[in-house]
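Asker: The first sequence begins at 155 in the working numbering and counts up one residue at a time.
Just so you know, these hints were derived from the structure itself, not from any lab. Idealized CB from N, CA, C, for every residue including glycine. Wrong hints could be hidden among the right ones.
Each computed DSSO-like pair below joins lysine-lysine, with the alpha-carbon atoms no more than 27 Å apart [as the list claims (entries may be wrong)]:
id: 1; residue 1: K293; residue 2: K338
id: 2; residue 1: K226; residue 2: K391
id: 3; residue 1: K293; residue 2: K226
id: 4; residue 1: K243; residue 2: K190
id: 5; residue 1: K348; residue 2: K391
id: 6; residue 1: K190; residue 2: K356
id: 7; residue 1: K190; residue 2: K254
id: 8; residue 1: K338; residue 2: K391
id: 9; residue 1: K338; residue 2: K356
id: 10; residue 1: K293; residue 2: K190
id: 11; residue 1: K243; residue 2: K254
id: 12; residue 1: K391; residue 2: K243
id: 13; residue 1: K254; residue 2: K391
id: 14; residue 1: K348; residue 2: K338
id: 15; residue 1: K293; residue 2: K243
id: 16; residue 1: K356; residue 2: K293
id: 17; residue 1: K254; residue 2: K293
id: 18; residue 1: K356; residue 2: K226
id: 19; residue 1: K347; residue 2: K254
Distance windows between CB atoms, simulated [claimed, not checked]:
id: 20; residue 1: Q358; residue 2: A267; range: 42 to 50 Å
id: 21; residue 1: R245; residue 2: T306; range: 34 to 42 Å
id: 22; residue 1: T266; residue 2: K347; range: 13 to 21 Å
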Amino acid sequence: MLFIKLKAKFRQPAFLGYYCRFDFIMCYSTSTSVRKQLEEFLGPEYTLGGYESFWAASGFDFPALPVLTGDKPFVVQMLQWGLIPTWAKNRESALQIRAKTLNARSETIFETASFRDAVSGQRCLVLVDGFFEWQHHGKTTQPYYIHLPGATPFAIAGIHSMWTDRETGEVTDSFSIITTVANKLMSDIHNLKKRMPLILDKDQWSAWLDPALTREQITAMMTPYPDGILEAFPVSKLISSRHKNVNVPEVQQRIDLVKPGLLEF
DNA sequence: CCAGACGTTGTT
DNA sequence: GTCTGG
DNA sequence: CCAGACGTTGTT
DNA sequence: GTCTGG
């Protein structure tokens, strides 16, 4: 059994932002500077509306996260993570199903009952500047934060769905993020499952949100992010905690591995 | 036919 | 809503 | 991933 | 120890 000892060595965060652990955790940030940073990145044609940022958000909390949809591609909307299909009969079944729809596998998305309606005409983009993934060493895990150079924001591609509660009339707009096979970096980090979120740069956003896309065109966009661009560093296991508040700056602080893990970046 | 599911991740 | 399992 | 359960009888 | 639920 291999134990990895960790020595926390905090330094100033290189940036602020929100992120999103793609499988069942995370999205980040908090200060007004983050909003400004995103505003600058998006440019004047975008409206931030009710945009809210986090240091970390767990999928199992079903948080509302900043999303662009095909209907309003230039308006940041807060949509709920955990897609509820239109056919959910009642609140109980809606809550049950959304716990299983945090991620959608790109390989089967056109066939699965929960996703196939949304993928054709209800695509969306989840705005993040990073996400977390765990590297496995025997029985232990080491979380990493994955991001672009300079904390450049990017989007995780997703699908969304409007659900109306027939008892209350309440409408919920919710989403799933799409996963694909890992690229090289993510294969090293997510060393067992070797998956990664479908990441789209800003110049691909309008194509992804175009409602006229054919199935073939959609499939063609569902590829791993190119190698050699994403960066990663190890972070404290605070991010893995279920009961502590992980929505704090510390979750994204780099730590040094006392006994180096399988990887150094 | 009806009832029940409808999903992903992970096993160094 | 639609498919599957019994 | 972690936290928490870890069971049976009888039921519209 | 191992499975399940979130």
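Asker: A separate judgement is required for each hint: does it hold in the structure or not?
Answerer: To see whether the hints hold, each was checked on the structure:
no.: 1; hint: K293 <-> K338; verdict: holds (23 Å)
no.: 2; hint: K226 <-> K391; verdict: violated (37 Å)
no.: 3; hint: K293 <-> K226; verdict: violated (45 Å)
no.: 4; hint: K243 <-> K190; verdict: violated (41 Å)
no.: 5; hint: K348 <-> K391; verdict: holds (20 Å)
no.: 6; hint: K190 <-> K356; verdict: holds (17 Å)
no.: 7; hint: K190 <-> K254; verdict: violated (34 Å)
no.: 8; hint: K338 <-> K391; verdict: holds (23 Å)
no.: 9; hint: K338 <-> K356; verdict: holds (22 Å)
no.: 10; hint: K293 <-> K190; verdict: violated (41 Å)
no.: 11; hint: K243 <-> K254; verdict: holds (16 Å)
no.: 12; hint: K391 <-> K243; verdict: violated (39 Å)
no.: 13; hint: K254 <-> K391; verdict: holds (24 Å)
no.: 14; hint: K348 <-> K338; verdict: holds (9 Å)
no.: 15; hint: K293 <-> K243; verdict: violated (40 Å)
no.: 16; hint: K356 <-> K293; verdict: violated (38 Å)
no.: 17; hint: K254 <-> K293; verdict: holds (25 Å)
no.: 18; hint: K356 <-> K226; verdict: holds (15 Å)
no.: 19; hint: K347 <-> K254; verdict: holds (18 Å)
no.: 20; hint: Q358 <-> A267: 42 to 50 Å; verdict: violated (28 Å)
no.: 21; hint: R245 <-> T306: 34 to 42 Å; verdict: holds (39 Å)
no.: 22; hint: T266 <-> K347: 13 to 21 Å; verdict: holds (18 Å)
Comparing the model with each earlier hint shows violations of hints 2, 3, 4, 7, 10, 12, 15, 16, 20; every other hint is respected.
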